[in-house]
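Use the sequences and the hints to build the structure in full.
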Amino acid sequence: MAEKVSTDDNIRLDDLAPKVFRIAGVIGVAALGVAGVLGASAGDQLNQFLHSYLVAYMWALSIGLGALWWVTLQHLVNAKWSVVVRRIGELLAANMPLLAILALPIIVPMLMGNTSLYHWLDQAHVAHDEVLSHKKPYLNIGFFMVRAVFYFVFWAVLSRYFFKRSLKQDESGSPEFIARMNRVSAPGMIFFGITVTFAAFDFVMSTEAHWFSTIFGVYYFAGCVVSVHAVLALVLFYLQGQGRLKNSVSVHHYHDIGKMLFAFVVFWAYIGFSQYMLYWYANIPEETVFFKVRIGGDWFYLAWFLVIGHFVVPFFGLMSRHVKRSRFWLGFWAVWMLVAHYVDLYWIIMPTMHAERVSFGLVDITSLIGLASLLIAGTAYNARRVNLIPTKDPRLAKSLAFENY
Amino acid sequence: MTVATDLNPYQGRPSGDTAFARITNNVARIAEVPTPPKAWYIAFGIALILLAVFFGSIGWVFWTGIGAWGTQIPVAWAMPIVNFVFWVGIGHAGTLISAILYLFRQHWRTSINRFAEAMTIFAVMCAAIFPGIHIGRPWLPYWMFPIPNQMEVWPQFRSPLEWDVFAVGTYATVSILFWYMGMIPDLATFRDRSTSKIRRIAYGLFAMGWRGSSRQWHRYERAYLLLAALATPLVLSVHSVVSFDMATSQIPGWHTTIFPPYFVAGAVFGGFGMVVTLAVPARQFFGLKHIITLDHIEVMNKIILATGMLVGYSYAMEFFIAWYSASPWEIFTFYNRAFGPVWWIAWTTYICNVVFPQIFWWKKLRRNVWATFVVGVFVNVGMWFERFMIIPSSLTRDFLPSSWGYFLPNKIDYLTLGGSFGLFFTLFLLFCRYLPMVAMAEVKGIQPSAHAHPEEH
Amino acid sequence: MSDKQTDAKKSTGEAAKTEPDAPKDGAGTSKGGAGGTPLHGLIAEYETPGALLSASKKVRDAGFKNWDTYTPFPVHGIDGAMGIKPTVLPWIVLGAGLTGLATGILLQWWTNTYDYPYLTSGKPMWSLPAHVPVMFELMVLFSAITALVAMLALNGLPEYSHPLDLKKYFARATDDRFFLVIQASDPRFAEDETWKLLEGTHPTAVDRLEEDRVTPANMPRPLVFGLVLVVLGALVPFALIARARVSTSEKPRIHIIPDMDFQEKFKSQRMNPVFEDKRAMRPELEGTVAVGALEDDDHLYRGKLGDEWAREFPAQIPISDSTMKRGQQEFGVFCAPCHGQVGHGDGMVNERAVELAQGTWVPASDVTQEYLRKQPVGELFNTITHGIRNMPPYGPQISPEDRWAIVLYVRALQRSRGATIQDVPEADRGSLK
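Residue numbers (my numbering), protein chains in the order written: chain Z, 243 to 647; chain X, 198 to 654; chain A, 337 to 769.
Please note: incorrect hints may appear among the correct ones.
Said to hold, decoys possible - Below, simulated DSBU-like cross-link-like pairs (lysine-lysine); rule was C-alpha separation at most 35 angstroms, straight line:
(1) A/Lys393 x Z/Lys488
(2) A/Lys587 x A/Lys603
(3) Z/Lys501 x A/Lys421
(4) X/Lys486 x X/Lys561
(5) X/Lys560 x Z/Lys406
(6) Z/Lys534 x A/Lys459
(7) A/Lys601 x A/Lys614
(8) X/Lys608 x A/Lys601
(9) X/Lys486 x Z/Lys640
(10) A/Lys421 x Z/Lys488
Simulated from the structure, these hints should not be mistaken for lab results.
Set out below in C-alpha cells:
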C-alpha cells in the first residue's frame, strides 16, 4: 500500500541522539541543580525558587502540550501536508512523562506544607478569607493532587499512544493504525481541552487565588500553540542543519508552519485583548486586581513589551510570505516568540511575588535553561531509535509533494 | 424519475461532454429555465407573505412606539437584540466557509461557498434592521455614524454599541465584496450563455467585461486570497464585538471574559446549522446532488459537532467560574439560569446545542440527510434560545431584587421574528433563481481534469 | 495571406472537422469583412488545461510579450508557464490597511478627545482598549475595498469591449475551453511564423482575430446616463445632512411620535386641577405616621437628653466589638472618602477638591482634633444626621444604629490619636512589635 517514498534521505538521528541527550541532559541537570541550591539558600521558604521554576515549567509544559494538541489535530482533520513533520510533533509530545516528573519540584513542596506559591494552601489564611473558604471544595491539596495526577496520566497516555501507534505503523505500514488514531483523536481532543483549561486554572490562575477569568484556559492554550509552532520550525532547522530530512521537508512545509505561527500570534492577541479589555472596561475591583498589579510598577513595561513584542512586531514581521519561506527569518521569529511567550508567563505569574519590581535573576535563568535543556534531552532520547518521518504513512507521498503558494 | 423531470426542470443529469461543461450546465440551468417549478413560486409566495408581516409589524412598532413589543424594564434589551445577534451569527458560517476554509485549503468548500456567502449577506441584512428599529427613533440612525451633523456632536467611540456599527457595517461591506468578487467569473459565464438582450446586459454589466484572461486571474486570485485573509480576523472580530455589547457591562451572565470566542464558536455553529438546513432541501430541489454531495454534508456535520462541543465548553466554563468566582451575584445568576423561572430557556439551549449534535458521532447519521436536516433545525432553535437565554433572561434578575421581573415576547415580537425569515427567504429565493448558486469556476478548478499536467506531444 | 482571407479559420487536421464545438466563423469576420480590418492577433483553442500549459511554455520561450491565455478557471501553474510576475496588489492593500488604521486612530482621537471631549463611565478621553475595535474594523474595511478596486484597476476592468467578443466560439472561454491569443502588436509577431508556432502547440483550432470595428467604442448613452443618476441619487442623503449642518430653521421641530414627547401624566411640582389645592404632589395627611417613622426616643434618634447633647450612648446600642466593627465598616463607606481612612481629613475627595482649588470647598475636618474629642457623643451623632458646613446630612442614608456605631468608631479613632504603648492592653503589646 504505502511504498517507501524517500529512500535517498537521512531520516535517522543515529549517533546524534545520544550526543544531544548527553550534552543537554548534563546542562539541564546542572542548571536545575544550581537553581535548586540558589533557591534553597535564599531562606525565603523557597518562595523565589518556586515562582521562577513555575514560570519556566509552564513554559516547557506549553511546548509539550502544544505538541500534543498539534499531533491530535493532525489526526483529527486527517492532515496531509504535515505528515513529514508529524513525527517531530510526536517526539515533542512524548515528553509528557518527563514533564510529569519535572512537575515534582512544584508538587513536592506543596505536599510538604510549603504555601509560598499557592496561598490557598495556608489553612489559617483560608479560614479568615471568605473567598478562599468558598473555593475550598475545589482549591484544596487533596483534590488538587487528584486533578494533577489525572492531567498528567491523561497527557502521558495520549501522547505515548500516538507515538507508539505511529511507530508501529512505521513497521507494518497498515493504514488501520491511521484510522484508529483518527478515531481516538476526537475524544482525545475533548479531554485535552478540558485538562488544559483546568491545568491552567490550577497551576497558574490559582497563584492569584482570588482572581478568576473564564477565558484563562484559552489564553494559556494560545501560548501553547504559538510555542509549539516555533519549536517545530527550530527543530526542523536544526535537523536539516545536521543533514537530516534535507529532501523531505521543504520550504513549503516551513511556509505552513509560519502561517500557523502567524495565525496564533494573532489569536493570542485576540484572546489577551478580550480578557484585558473586558476587565478594564467593566472596572470591577475583584477582577481588575489582577491587572492593577500587572500594569503597575515595573510590570507596566513588561505589559507593553507583550503588546509590542508578542503581537505588533511579530505580526508585521511574519506577515510576508518571503519571511515564512526564509530559514533565517522564520527561525528568528520562532526564537523571538519563544522569548515573548516566556515573558508572557513571567508577567502572569511573577507579580504575585514581586508586586512592584521586576527582579529577573539567576534562579529564573537557571530554571529556564534547565527545563529547556531537559526537554531537548528528552526529545533526543525519544528520537534515538526512530525514523524522523512516518515512512509508511499512506499520505506521505502527498506530504512530500506538497506545494504551498 | 421522468415524472419528476417533467415537473422540475432542475432534475436529471446535466448535459455536456466534459466535466467542466456539465458543471456549467448543472448550475446555469437553474437560472436559465424560463419558468421555475411551482414549488419555487409557492415558497416565494410564502416568503413574500412573511416579508409583508415583517414590514407590517415594523410599521406598527413605528406607529405606536417600541412599547408595542414586550420589551419592558428591567428587560430593556429583548427580542430585537436577540434577533440581531441570532441573524448576525447565522452569517458567520458563510464567511467561515468562504474565507477560513479557503485558507486551510479545504477544497470541498467550493460546492457550498457561494450559497453560504449569499446566506451571510441576507442574514446580515436581517440583522442590521434590528438595532435600527430597536432604537425607537428610526428617523435618527444617522446619529450612529461619524457624520458632521447640525448638533456638532460626534458618536461615542468608547461605547461597544458604536463598535458594533463599525463591525457590522464593515462585515456587511466585506461580505458583499467577497461574494461579488467571487461571482464575477460566473456572471461572465452567465453573460456568455445568455440568449436574451436583457440578460446579456444585466449579467454583462456586473461581469465587468471579465474574459478569463490568465493575467487577470493572477491578480484576481491574489485579491481573493487577501480578502480571505482579511475576512478571517474580521469574522472573529464581528461576533466578538457583538459579545462586547454584553460583556463590557457589569451584569452577571453578561460580563465574562470567554464571551468573545464563545460567541464566535456559537455563531459558526449556528451558521452551519442554517447552511445544512438550507443545503439539504436545496440540493434536492435544484438538482445539485452531484455538486453538493453526501461527503459535503458529512464534513459540515463534523463541523457542527466540533463547534457544538466548543459551545458546550463555554457553557461549562461559565458555570464553573460563576461558582469559582465566589461572587454571590454570579452564583445566583447561574443558579437562576438553570433552576429559576427561566429554566426552560436554558435547558432548551443546552439540549438543542450540546445534546442533539452528539448523534453525529455516528457516520451513518452524519450521512443521513434527514438526520442532518432535523439537527440543523434544532441547532437553529437552540442558538436562538441561547441568545434569548443570555440577553433577556440575564436581565430579568440582576443585583436588586426589588427590580426583578420576567420577560416573555408578545405577539408583535413573534411577528417581527417570523417576518424577518420572510426577508431572508425572499432574498434567498431570488438569489437561487437569478444568480450562480454554485461557484462554477472554483468547482471546475478542483476537478481531476483541471489538474494540468503539461502534455508533451 | 490570401489563403487565410478566404478561409479565415484554419483547423488543424481531423480534430476540428469531427469536433462539433469547434470554432465556426465568428460574427467578426462576416460583419467587418476581412478586407480593411487590421489584425488584432492570432487565437488558438485547446481542449484541456494541460495542452494550454505546454503551449504557453512554448510561446513564452519564443520570447513573446503581448500575449495572454483565457481559461474558465485559474489554471494551476499557468503563472509560471506564462512567466507572469507577482502582482503589486498586496503592497497596495497593505498601504490601504495602514491608512485605515491611521484613519481609525485619527477619527476617534479627533472626535472624542479633541473636538468634542466628554467623560463617559469614568474612562479616559483617549482610551486605547476601547478604541482598538474601530481601528481594526476600519483597517479591514479600507484593505478589503482596496483589494477589490485595485484588482479591477490593475486588470483594466471594467472593459467594455474586446475583439474576442466577436468570436462566438470564444464564449466557451467561460465554460470549458482554453484559448491562447498572441497580439499583432508584439514585436516578434509575424503572421505566418506565429501561425506555425501556434499550430505546433497542438491546438484544436487556430484563427485570425481582427480588431473590433463593429462595437461602438463607448458605452451606450442611456446606460451611462442611468449609472450617473444612480451615483448622484446615492449622494442626496449626504448632501441633505451636510446642508442641515450649515443651516438654521425657525420652524418648531417635528414630533414624529407626539405621545412620547407629550405624555399624559402629572409631573412633580406642577399643577393638577383634580385637587383643591392644585398640587400634583400630595402631602401626607395630617396626624399620620408611617410605620417605623415614629422615632419617639430622643436619645436614640436625636442624640439628646432633654435639651442637652447626650454624653452616653443610648441603651439600645451595645458597646461591643461587633458594634465597633460595624462602625468601622460604615465609616469606611460613608466618611472615609472625605475624612480619610483614619479620620485625618485627608480622604480622596478632599485631596482632589483641594487640588482643584475651586474656592467653594471647605476642607473636611480632622475628626480627631481636640474640640471634637470634647464634643458629646450626641452632638457627633447630630452632625452625622444633619450634616454641617458643606457636609451633607447622612440621616436619610444611614440607620440610627449605624450612625451610633460610627460615633463609637470615631471615638476610637480619637483615642488612638497620640496614644502610647500604655494604652494597649498588656496582653496585646507583643503583637505590635
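Evaluated hints:
1. Using a Cα cut-off of 35 angstroms, the hinted pair A/Lys393 and Z/Lys488 holds, with the two alpha carbons roughly 30 angstroms apart.
2. Among the hinted pairs, A/Lys587 with A/Lys603 is consistent with the structure: their alpha-carbon atoms are about 27 angstroms apart, no more than 35 angstroms.
3. With a C-alpha separation of about 23 angstroms, the suggested pair Z/Lys501 and A/Lys421 falls inside the 35 angstroms cut-off, and the hint holds.
4. For the proposed pair X/Lys486 and X/Lys561, the alpha carbon gap of about 18 angstroms is at most 35 angstroms, so the pair holds.
5. Of the pairs offered as hints, the one joining X/Lys560 and Z/Lys406 holds, with about 27 angstroms between alpha carbons and a cut-off of 35 angstroms not exceeded.
6. Only pairs whose Cα atoms come within 35 angstroms are accepted, and Z/Lys534 paired with A/Lys459 is accepted, the gap being roughly 15 angstroms.
7. For a cut-off of 35 angstroms, the pair hint linking A/Lys601 to A/Lys614 stands: about 14 angstroms separates their Cα positions.
8. Note on X/Lys608 and A/Lys601: the hinted pairing holds, with a Cα-Cα distance of about 27 angstroms set against a maximum of 35 angstroms.
9. Restraint check for X/Lys486 and Z/Lys640: the C-alpha separation of about 28 angstroms stays at or below 35 angstroms, so the hint holds.
10. Note on A/Lys421 and Z/Lys488: the hinted pairing holds, with a Cα-Cα distance of about 29 angstroms set against a maximum of 35 angstroms.
When each numbered hint is compared with the structure, no violation occurs for any of them.
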